[in-house]
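J.: Taking the hints into account, I'd like the entire structure generated from these sequences.
Heads up: the sequence lines are chains A and B, in that order.
Mapping to our numbering: the first sequence position 74 is 74, numbers consecutive.
Mapping to our numbering: the second sequence position 103 is 1103, numbers consecutive.
Hint data in this document are derived by calculation from the structure and do not stem from the laboratory.
Any given hint might turn out to be false.
Dumping the calculated DSSO-like pairs for lysine-lysine here, alpha-carbon to alpha-carbon at most 27 angstroms [what the hints assert, rightly or not]:
(1) 42/A with 83/A
(2) 1090/B with 42/A
(3) 42/A with 1123/B
(4) 1090/B with 1123/B
Okay, here's what each chain looks like letter by letter:
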Amino acid sequence: MSRINDVGGMAGFPAIVEEPDEPPFHADWEAHVLALNGALIKRGVYNLDEFRDAQERLPVQQYLGASYYERWFAAISTLLVEKGVATADELAVDDHGA
Amino acid sequence: MSGDHGSSRISAQVRHVETLLESRGLLAAGEVDGRIDEFLAGGTPANGARIVARAWADPGFAERLLADANTAIREVGLSMAGGLQEQRLKVVANTAETHNVVVCTLCSCYPIALLGPSPSWYKSEAYRSRVVRDPRGVLTEFGLELPAGTAIAVWDASAESRYLVLPRRPEGAASLTEAELAGLVTRKGLIGTAAV
Chain A
1 MSRINDVGGM AGFPAIVEEP DEPPFHADWE AHVLALNGAL IKRGVYNLDE FRDAQERLPV
61 QQYLGASYYE RWFAAISTLL VEKGVATADE LAVDDHGA
Chain B
1001 MSGDHGSSRI SAQVRHVETL LESRGLLAAG EVDGRIDEFL AGGTPANGAR IVARAWADPG
1061 FAERLLADAN TAIREVGLSM AGGLQEQRLK VVANTAETHN VVVCTLCSCY PIALLGPSPS
1121 WYKSEAYRSR VVRDPRGVLT EFGLELPAGT AIAVWDASAE SRYLVLPRRP EGAASLTEAE
1181 LAGLVTRKGL IGTAAV
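T.: Below you can see the structure in the form of C-alpha cells.
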C-alpha cells in the first residue's frame, strides 16, 4: 500500500511554480533544521532511512500542509521522541513562555 | 518571510530543540553554524557544469562518465562522497532521439552533495506527480518544446541512486574552451527541464 509521499502520477496538485533566483534556504531556521538532522545522523541517533520513513508516515493532512523543511522538523521531532532522547513535552515550546 | 508569525514560531521551536540537544550532549556548541557553512560551501550546479563541459570536450571522458560516473567524476576532482552517505550517480545522455528528465517521485532525492540544494519546484508535489504522467506537457511549461519524434525518458531517483542529465552540446560551440562550455550549462539542463 502506498503512502502519501508516493505522488507519482497523481492528479490534482496545483501548477508547478518556478522561483527565479531562489536562495538555498528561505529562512534561517530551515538551514538549522538541515544542520541538526546531519548532526543527529552522524551521531547515530537515527539513520537516513529512518528519517525518510518518519516523513513518509506523517499524517496525510500534515504532510500535504507542511513545507519541505517543516516536514523535516516534524520527522526529527518524531524520531527524538521514539528514540527516547526527549519526551514530546520537553520538545514543545510554550507559546507564552518561550 | 522570516518575520511572519508561522516562521517565527517554528524558529523558536527549532532553537528550543537545539538547546535541548546541546544540554544532552548530542550537539556541540557552534556545530550547527559549522555545518551550515560547510553545506553552503559544498555542492553547486557549477560542479555539474564542469562535468558536462569535460564530457563535451573529451569523448573518452564522456564514455567513462556514462559507464561509471562515480569513478569518472574523480578525474575532474569531484566525488559523490560529500553527503551523509555516498550514493550511486548515473549520468544519462540526451541524444537526437531521446531526451532525459529526472525526478524523485517519493521525496526529493537529488545529487545534493555534488550540485547543492535542489530547486523548490523539484521537491514540489506538483512536479513529482506530473512529470511521470505528462513529461512532454511539463517540459513545455518549462519552455522546452521537443520535436514530436523525440522520446522522453523519465528517471526516478532513489535514496541510493541519483541522476544527472548530460545535455546535447549546443550547435556552434565548437570553438569554445572547456570553461566557456561550462558557462552554457544550467541547473535545469542538469535535471532535464531545459535543453542545456
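J.: All hints are to be evaluated individually against the structure, with a verdict given for each.
T.: Comparing the hints with the structure gives:
Proposed proximity of residue 42/A and residue 83/A is supported: the alpha carbons are some 15 angstroms apart, at most 27 angstroms. About 26 angstroms separates the Cα atoms of residue 1090/B and residue 42/A, which keeps this hinted pair within 27 angstroms; it holds. For the hint pairing residue 42/A with residue 1123/B, the CA-to-CA distance comes to about 24 angstroms; that is within 27 angstroms, so the pair holds. Restraint check for residue 1090/B and residue 1123/B: satisfied, since their Cα atoms lie roughly 20 angstroms apart, inside the 27 angstroms limit.
Going down the numbered hints, you'll see the structure goes against none, and every one checks out.
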